[in-house]
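There are 4 protein chains.
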Amino acid sequence: MSKTRVHDSFARQSLMTTFGAELQAVEPGRVTISAPIGDHLRQQHGFAHAGVTFALGDSAAGYSALSLLPEDREVVTSEMKIHLLAPAVGTRLVARGRVVKPGKRLVIVMADVYALDEDGAETHVALLTGTMVPVPSG
Amino acid sequence: MSKTRVHDSFARQSLMTTFGAELQAVEPGRVTISAPIGDHLRQQHGFAHAGVTFALGDSAAGYSALSLLPEDREVVTSEMKIHLLAPAVGTRLVARGRVVKPGKRLVIVMADVYALDEDGAETHVALLTGTMVPVPSG
Amino acid sequence: MSKTRVHDSFARQSLMTTFGAELQAVEPGRVTISAPIGDHLRQQHGFAHAGVTFALGDSAAGYSALSLLPEDREVVTSEMKIHLLAPAVGTRLVARGRVVKPGKRLVIVMADVYALDEDGAETHVALLTGTMVPVPSG
Amino acid sequence: MSKTRVHDSFARQSLMTTFGAELQAVEPGRVTISAPIGDHLRQQHGFAHAGVTFALGDSAAGYSALSLLPEDREVVTSEMKIHLLAPAVGTRLVARGRVVKPGKRLVIVMADVYALDEDGAETHVALLTGTMVPVPSG
Chain G
1 MSKTRVHDSF ARQSLMTTFG AELQAVEPGR VTISAPIGDH LRQQHGFAHA
51 GVTFALGDSA AGYSALSLLP EDREVVTSEM KIHLLAPAVG TRLVARGRVV
101 KPGKRLVIVM ADVYALDEDG AETHVALLTG TMVPVPSG
Chain H
1 MSKTRVHDSF ARQSLMTTFG AELQAVEPGR VTISAPIGDH LRQQHGFAHA
51 GVTFALGDSA AGYSALSLLP EDREVVTSEM KIHLLAPAVG TRLVARGRVV
101 KPGKRLVIVM ADVYALDEDG AETHVALLTG TMVPVPSG
Chain P
1 MSKTRVHDSF ARQSLMTTFG AELQAVEPGR VTISAPIGDH LRQQHGFAHA
51 GVTFALGDSA AGYSALSLLP EDREVVTSEM KIHLLAPAVG TRLVARGRVV
101 KPGKRLVIVM ADVYALDEDG AETHVALLTG TMVPVPSG
Chain Y
1 MSKTRVHDSF ARQSLMTTFG AELQAVEPGR VTISAPIGDH LRQQHGFAHA
51 GVTFALGDSA AGYSALSLLP EDREVVTSEM KIHLLAPAVG TRLVARGRVV
101 KPGKRLVIVM ADVYALDEDG AETHVALLTG TMVPVPSG
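Residue numbers (UniProt numbering), protein chains in the order written: chain G, 1 to 138; chain H, 1 to 138; chain P, 1 to 138; chain Y, 1 to 138.
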């Protein structure tokens, strides 16, 4: 695995910059991404928008797949399902992605997303399962 | 249906403002949302990020459900699956949501998302299916 | 397309025989399968079991993908989501599958399943979306 | 929880009898169902049909939800997604369902399905996530 590759790809995603997101941890098959719940990322009640929760979970899942692939491969999301378990209330979202089943043609992934309050207490707000497809890079 | 309610709720979603998104059409059971593919909304190859495609599709689907509900109800997404069919290349995304099966307790919804190039030609980039839950408003 | 191939594969699925299912129509990208709601295929209220509805929808979707592939390929289901829209009450189930997006590596498919009553009136009981993977044939 | 209720409901599902399935374990929020991979339950290569894997996983997930509900409630599946991770080769399938998030209106559930060979070695063949809806019983 090349942590550098994951960091390089992440840095090129302007949406992650727009969200103020950062890569918190990159291990083989496991990636954590977090972002503050900024005032510009909310739905009508002031909670984090489901689109933000999805984007963080999908990215954490996708990079967990990428972390297991050879240097000449990257991944695209083919499909992803998200269950929204609780309102994303708090100061920060943390998305933890992992590989369920690696493969050359398809990588099955999961992610859990948590909302953190000011004291760091976590609420499980989303569960994602999906399919990543390795493609030639560049 | 109250078009005003849909517009009011949409206007309170700061993420939609961050995306530059607008409500294009609101009919009973059908809502269209579009947004330019801004430089701040991209993945590592410069295409629209899957999180943006998801957010627009989910919102179009959710508001299509809201458009059929009584005044004292709003909706939250319970779960949503997205199939990403093609890279979101172009200048603009258009998300068309619709109700598959209305209900008091659950509303089953779909959305299709298209990328538009400079000439207005559409590419089908995503298909979403999901479950909206009516909840008491405000 | 080879209709023969679809029929041959279908005939080898012993579960379809157990269900009394038959191929009703095979066109390029579209396949219809139907089965009586037998007394041995029910859930606790006497309706068709969700597993039967799923199996028919998944098979109709999978064979719609197979109908577009070259002779040396067959398909396996990678993932499938089913929305159960109404109780499967009636005398017969009809599943209509179709290809949403063909591809060499992945085929995105849908299916709708209907319950028919004695007069032939249809109720839409399920909506499926999924991913088929072409693999070398046996 | 009433184990009796889960057993009574299971016994009324004729499809489970057709599959030769049995309830192996019923605990609060966790249910295990297993079935032999009978000759009448196969797809074209002689593996267990995806419809059988789905039916067992869906039932294990649904009964895990039922195990947490009051006596006057039962559950219906609203939607379920299955990832098929490996061919269901072996002599027996074991489906382990569990509740991810309980609720009065919706219960979010998961299930894992394993294929057992003659020596009892397990292969993870499917992962399911879904939504169960409590409804008044009887």
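Don't take every hint at face value.
To be verified - Derived lysine-lysine pairs resembling DSS-like cross-links, with alpha carbons at most 30 Å apart:
(1) G/Lys104 <-> P/Lys101
(2) Y/Lys104 <-> H/Lys101
(3) P/Lys104 <-> G/Lys101
(4) Y/Lys101 <-> H/Lys101
(5) H/Lys3 <-> H/Lys104
(6) H/Lys104 <-> Y/Lys101
(7) Y/Lys104 <-> H/Lys104
(8) P/Lys3 <-> G/Lys101
(9) P/Lys101 <-> G/Lys3
(10) Y/Lys101 <-> G/Lys101
No lab work stands behind these hints, which were simulated from the structure alone. These numbers were taken from a predicted model, which means no experiment stands behind them.
Against the structure, the hints:
1. G/Lys104 <-> P/Lys101: Since the Cα atoms of G/Lys104 and P/Lys101 sit roughly 21 Å apart, the hinted pair holds (cutoff 30 Å).
2. Y/Lys104 <-> H/Lys101: holds, 21 Å
3. P/Lys104 <-> G/Lys101: Between P/Lys104 and G/Lys101 the Cα gap is close to 21 Å, so the pair holds against 30 Å.
4. Y/Lys101 <-> H/Lys101: Answer holds: Y/Lys101 to H/Lys101 is near 24 Å, not above 30 Å.
5. H/Lys3 <-> H/Lys104: holds, 20 Å
6. H/Lys104 <-> Y/Lys101: holds, 21 Å
7. Y/Lys104 <-> H/Lys104: holds, 15 Å
8. P/Lys3 <-> G/Lys101: violated, 34 Å
9. P/Lys101 <-> G/Lys3: violated, 34 Å
10. Y/Lys101 <-> G/Lys101: Holds. Y/Lys101 to G/Lys101 sits at ~24 Å (cutoff 30 Å).
In this structure, the hints that do not hold are numbers 8, 9, in rising order.
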